[in-house]
Amino acid sequence: MNQNAKQEVISWIKTVGLAILLAWVVTSFLIVNATVPTGSMENTIMTGDRIIANRLAYWQGEPQRGDIAVFRYPDDPSGKVLFVKRIIGLPGDVVEVKEGQVYINGESTALEEPYLKETAYGNFGPYEVPEGEYFMMGDNRNNSLDSRSWRNHYVPKKDILGKVLFRYFKGFKWLA
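For what it's worth, my numbering labels the leading residue of the sequence shown as 1, then goes sequentially.
What the hints contain is simulated information worked out from the structure, not anything from laboratory work.
There's no promise every hint is true.
[As the list claims (entries may be wrong)] Derived CB-CB ranges, DEER-like:
(1) N143 to S11: 45 to 55 Å
(2) Q101 to V25: 18 to 28 Å
(3) S28 to Y168: 11 to 21 Å
(4) E112 to V16: 43 to 53 Å
(5) Q7 to F166: 56 to 66 Å
(6) Q60 to W174: 15 to 25 Å
(7) I10 to E113: 49 to 59 Å
(8) Y168 to P77: 24 to 34 Å
(9) W12 to N142: 51 to 61 Å
(10) D76 to N123: 26 to 36 Å
(11) N142 to V94: 14 to 24 Å
(12) P114 to K14: 44 to 54 Å
(13) L56 to N105: 21 to 31 Å
[Stated by the list, open to error] Cut-off 30 Å, straight-line C-alpha distance, at most; resulting in silico cross-link-like pairs (BS3-like, lysine-lysine):
(14) K117 to K98
(15) K80 to K157
(16) K157 to K173
(17) K80 to K117
Positions of the beta carbon are idealized from the N, C-alpha and C atoms, including for glycine.
Produce the entire structure from the sequences given, and follow the hints as far as they go.
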């Protein structure tokens, strides 16, 4: 192999190595790239959609009610199972579901939720959200495994990996 060919191979190896390193940094520290495997967030996010979440969003600020977040499933001891749900209850909130409507802190008016797929059924709670933790629910309330049914009802802030910004597969949709 002549000198030019060796330099070309070395150049390609450096380029590919740098691309791999850059991809690792971006996915480890800046974004979460995930596929949504269930219909629990329909019609906002559909089964099979791919999403991008901002890992820095909650380093700079606090999670807000209504944010869609990627987080570690609280009932999985390995911490490897990721869920995507909407933040409903903030630290210190009391969340109650009456006849499918969400009420926060005993308010007489239900939480306004125009994103819901359909009217939910059932009564749940009240759930008192501990400090530093969050209460999560899917937008497809009648088909969502969420804080209402988990053994550990709440998600610690440290387990919230990012705020969902958009879906990019099966059509682009801005979600933040």
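- Message: Tell me if the beta carbons of Y168 and P77 are separated by a distance inside 24 to 34 Å.
- Response: 31 Å, holds
- Hint says 45 to 55 Å; check whether the CB-CB distance for N143 and S11 agrees. About 52 Å separates the Cβ atoms of N143 and S11, which means 45 to 55 Å holds.
- Could you see if the CB distance from Q60 to W174 stays within 15 to 25 Å? 19 Å Cβ-Cβ, so the 15 to 25 Å window holds.
- Range hint 56 to 66 Å: satisfied by the CB atoms of Q7 and F166? Given range 56 to 66 Å: violated, Cβ gap about 41 Å.
- Task: Note whether the CB distance of E112 and V16 lies within 43 to 53 Å or breaks it.
- Result: Since E112 and V16 have Cβ atoms about 50 Å apart, the given range 43 to 53 Å holds.
- With 21 to 31 Å as the target window, see if L56 and N105 comply at their CB atoms. Holds, at about 29 Å.
- Pairwise beta carbon distance, W12 to N142, judged against the given window 51 to 61 Å: Holds - the Cβ-Cβ distance for W12 and N142, about 53 Å, lies within 51 to 61 Å.
- Supplied distance hint 14 to 24 Å, evaluated on CB atoms of N142 and V94: 23 Å, holds
- Okay, D76 versus N123 on CB: inside 26 to 36 Å? Between D76 and N123, where Cβ atoms are some 27 Å apart, the hint holds.
- Message: Quick check on a hinted range of 18 to 28 Å for Q101 and V25, using CB atoms only.
- Response: 44 Å, violated
- Between S28 and Y168, does the C-beta distance stay in 11 to 21 Å? 19 Å, holds
- Message: Tell me if the beta carbons of I10 and E113 are separated by a distance inside 49 to 59 Å.
- Response: 57 Å, holds
Comparing the model with each earlier hint shows violations of hints 2, 5; every other hint is respected.
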